[in-house]
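**Q** Sequence:
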Amino acid sequence: MAADGPLDVVALVSGGKDSFYSILHCLANGHRVVALANLHPPLRVATASTDTATSTSTAEVEDRSRAGAGNVTNTTSTTIRILPGDDADLNSFMYQTVGHQVVPLYAKATGLPLFRQPILGTAVDSGISYRDPDGQHREEDETESLIPLLRAVLQAHPEVNALCTGAILSTYQRTRVESVALRLGLVPLAYLWQYPELPLSSSSINPSSRPTNPVGSGEDDGQLLCDMAAAGLEARIVKVASAGLDEEFLWENVASETTVSRIRHALRRFGIAGSRGAVLGEGGEFETLVVDGPSVLFKGRIIVRDEDRRIVREGGGSAWLNIRKAEVETKADREAVCQIPGLNLRNDDVVPPQPPPSLLQLELTASSSNSQDWYFVGNLGGVENQTTQIVDEIRQRLHQSSLPATAITNSVIVLRRMADFPTVNRLYGALFREPNPPARVTISCGDLLLPQEADINVLLTVQPRMKREDRRGLHVQSRSYWAPANIGPYSQAVAYPLFTNDESQSYNDGANLALPLAVSIAGQIPLVPASMSLPPVQLDGNSTLPLQVTLALQHLWRVGTEMQVQWWSSVVAYFPRSHSLASARSNALLASSAWKVAHESAFSNSMDTAETIDPWDRKYNPAYMTYGDPGDSTTSRSVLPDWEVLKDFDAVADVDAEGGGLMQRPLPFVFSAEVEELPRSADVEWHAHLGFANIGTGSIQLCSETSDGGGPSEHIGLHHVIVESSFGTVFVQTIAVCEGFKTSFSFVDAVDYTILAVKRSLDKMLAGQNDLVIVATIKPKLTYVTDVFVFPKHTPSLLERGAIIPCRSLWDSRGDSLDMVSIFETRWVGGR
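Note that my numbering has the sequence shown beginning at 175, numbered continuously upward.
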């Protein structure tokens, strides 16, 4: 599959505004649009194929619904007339079908070949995420109609290597197109994905004529319509479906300032003006038909006269236009102004040390964890043999535990050589056939990897008690401006219950509560989303590292926001091997600065945002079809970070009386690790250890304590993130930070010493002295360690201490060198 450079694109078009605006962005990114492709309901049309725009001669076309799926038509019509009886809207879950009679004219209007195929089947797989049916259903899903259509395009244009779609907010639509595209070896492009959430760019096709209105960063979805108008796209409303929009809106130019204002007003009266995507028609509020666009794409415009439009009323406030005749007329050239969202990145000062907050006062007992850590170490043979062996061991353990692969929510892969990544990807990816594979972090530790005979180590986080319906993934495989597409068998994020169902029900008698969620996030490297390449080298010779650090962090923020993360447990910034300790320290300070700025910016820019229900659900799922107050907490997008989840947080008292600025706040713990190499030769990779979502106000407390001397380490700092549930269960993540260990100290002894310190701290805060024995099985989930220690040659001794990431250096947010950082996770149940 092609990954770099200009692509040859086939564009899926429905006739609606989004598919054509996405084409303009393909062109703006340097790609070549080779053909158009369209799926339509079975129909009978009359068509003329002449060179005269005003021709009215007709010729009946064969009813292709009887010809079978393989009969794909390449259309070059100039004028169409619709035969009587073709006045039904298919109301497909997947495809826009209203106005489909006009689609054949796009071949003439754009000068591009148009391939068409009738839609066969229905929405057999109604889940939001889609998987290759592979003959599992007796009835064919309508998504599969894309396969013969695109194969016909590929047969006529074998150079095509990418597929463009207009998905904006619908995961339902995007995942289906991605599934088909990837099976056919095509790069999926979705440049409008999450577009309303993105900032304005500093560039466009024609910067001098760029409009002054910015893309609203989520404040106003209607700005996308303004951008379409600025690009010269003219789209007419051809269907309304209640929601305050009546038939008076039909045939209005959706992107005109007047119409946008009317839509906002109508939706506001209906109580959904602030709902995510409503102004864009993402929930089925309306549908559009493009009749004109800039000359870079449109060589002619489509004309539909008043007498050739007929209103069809379906009841319940739904109405649409049946177009009886349309034609193409040539037009003069016109420049396009295509807005490309920017990066909106900042960097600032180094984060100062944070004062420890007060400790939590609870009487608790330790609970067996619903989360398990499976650690696999390569042994003997090359990396291919070792990876094959590990994959077999994972399959065997899943089978022994009667668990599906979907029980795995996160993986950390540590390689000796990053050059082995393609081999590992191929073998590791075979584990996951379901949609939304685990989130993943991959790094290379070079010759420091332990044990010495290993070329690969794998840490899996497994949820054995998780119900299938409780797992939610984010798996975007299309290029966009939002965040990088997946470049391997992993999801951007996977969310799952932080506590087990039995823990919650024991205190609520099975009450239907919204449970707190843990969110595993994939490692984020600084790829430019639209091109999937690293930022280019600057002409002035300056380093791109500040840009890469903030760009990768922006990706982490956007993924976290989409997953409704409210708070991070902790984060590490990985950097490749530096030429000096001073350089490694400088990198660490840069990362901590970016981390601080991200939290400060989020506070100053916090706003009420849009609903997070997928537009498909809102349109077709009865559970979500009731329009509600957009300000309702159940439909609002969470703010990251959400300071209100912190215990005893007072937003009013947080303002500095002297300068009017923000007082120092406790931030999620951040540190930096110098390893050997990162994927794609990136200069940074952000790894958030855990995100928390669906957390109640005041449910998180940050506690820190420090011990100096009295042991093999001069300093050990413990940073606890304590998450309380409403039913008495508590989750604690502890970061143990060690520095100043005595020379040639044993790694095993250092870990055991740290475990003891963590036990004592947790016991003091949570359980009381009587429960020390109960938590005796505690061990680190993951330990970052430098080479100051003596490591055992006996592999089992290493495995008993949890997963290990050997590092060339470790640094805290102040630029102080560290010897070891260990991450612990424990769960506690309150006394009844």
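Keep in mind the hints are simulated off the structure, nothing from the lab.
Keep in mind that a hint or two might mislead.
Straight line, CA to CA, 20 Å or less: simulated SDA-like cross-link-like pairs of lysine to any residue [what the hints assert, rightly or not]:
hint, residue 1, residue 2
1, 473, 201
2, 953, 926
3, 916, 991
4, 967, 473
5, 933, 877
6, 933, 891
7, 938, 868
8, 953, 499
9, 821, 871
10, 967, 920
11, 499, 475
12, 933, 964
13, 967, 926
14, 916, 938
15, 821, 689
16, 821, 773
17, 933, 974
18, 916, 877
19, 916, 930
20, 499, 477
21, 916, 851
22, 953, 982
23, 499, 702
24, 473, 491
25, 473, 549
26, 953, 970
As the structure is a computational prediction, the values presented were derived from the model and not from experiment.
**Q** Taking the hints in turn, state whether each one holds.
**A** Status of the hints after comparison with the structure:
1. Using a Cα cut-off of 20 Å, the hinted pair residue 473 and residue 201 holds, with the two alpha carbons roughly 15 Å apart.
2. For the given pair, residue 953 sits about 8 Å from residue 926 by alpha-carbon distance, which is consistent with the 20 Å threshold.
3. Of the supplied pair hints, the one linking residue 916 and residue 991 holds, its CA atoms being roughly 14 Å apart against a limit of 20 Å.
4. Under the criterion of a C-alpha separation no larger than 20 Å, the hint pairing residue 967 with residue 473 is inconsistent with the structure, at around 72 Å.
5. For the hint pairing residue 933 with residue 877, the CA-to-CA distance comes to about 15 Å; that is within 20 Å, so the pair holds.
6. Note on residue 933 and residue 891: the hinted pairing holds, with a Cα-Cα distance of about 13 Å set against a maximum of 20 Å.
7. Annotation: proposed proximity of residue 938 to residue 868 is violated, straight-line Cα distance about 28 Å (limit 20 Å).
8. Distance check on the hinted pair: residue 953 and residue 499 sit about 73 Å apart at the alpha-carbon level, beyond 20 Å; violated.
9. With a C-alpha separation of about 8 Å, the suggested pair residue 821 and residue 871 falls inside the 20 Å cut-off, and the hint holds.
10. For the hint linking residue 967 to residue 920, the alpha-carbon distance of about 12 Å falls within 20 Å, and the restraint holds.
11. For the hint pairing residue 499 with residue 475, the CA-to-CA distance comes to about 14 Å; that is within 20 Å, so the pair holds.
12. Between residue 933 and residue 964 the CA atoms are separated by roughly 24 Å; this puts the pair beyond 20 Å, and the hint is violated.
13. With a C-alpha separation of about 17 Å, the suggested pair residue 967 and residue 926 falls inside the 20 Å cut-off, and the hint holds.
14. Taken as a hint, the residue 916 and residue 938 pair is broken in the structure, with Cα atoms around 27 Å apart against an allowance of 20 Å.
15. Annotation: proposed proximity of residue 821 to residue 689 holds, straight-line Cα distance about 18 Å (limit 20 Å).
16. Between residue 821 and residue 773, the direct Cα distance comes to roughly 17 Å. Compliance with the 20 Å bound is thereby established for this hinted pair.
17. At most 20 Å may separate the alpha-carbon atoms for a hinted pair to count; residue 933 and residue 974 meet this at roughly 17 Å.
18. Taken as a hint, the residue 916 and residue 877 pair is broken in the structure, with Cα atoms around 27 Å apart against an allowance of 20 Å.
19. Between residue 916 and residue 930 the alpha-carbon distance is near 18 Å, which keeps this suggested pair within the 20 Å criterion.
20. For the given pair, residue 499 sits about 9 Å from residue 477 by alpha-carbon distance, which is consistent with the 20 Å threshold.
21. The hinted pair formed by residue 916 and residue 851 fails the criterion: a straight-line CA distance of about 29 Å is larger than 20 Å.
22. A threshold of 20 Å between alpha carbons decides the hint, and for residue 953 with residue 982 the separation of about 23 Å lies outside it, so the pair is violated.
23. A hinted pair counts as satisfied when its Cα atoms are at most 20 Å apart, and residue 499 with residue 702 does not qualify at roughly 44 Å.
24. A hinted pair counts as satisfied when its Cα atoms are at most 20 Å apart, and residue 473 with residue 491 does not qualify at roughly 36 Å.
25. Among the hinted pairs, residue 473 with residue 549 is inconsistent with the structure: their alpha-carbon atoms are about 60 Å apart, more than 20 Å.
26. In summary, the hint linking residue 953 to residue 970 is supported, as the alpha carbons are separated by about 14 Å, within the 20 Å threshold.
Checked against the numbered hints listed earlier, the structure breaks hints 4, 7, 8, 12, 14, 18, 21, 22, 23, 24 and 25; every other hint is satisfied.
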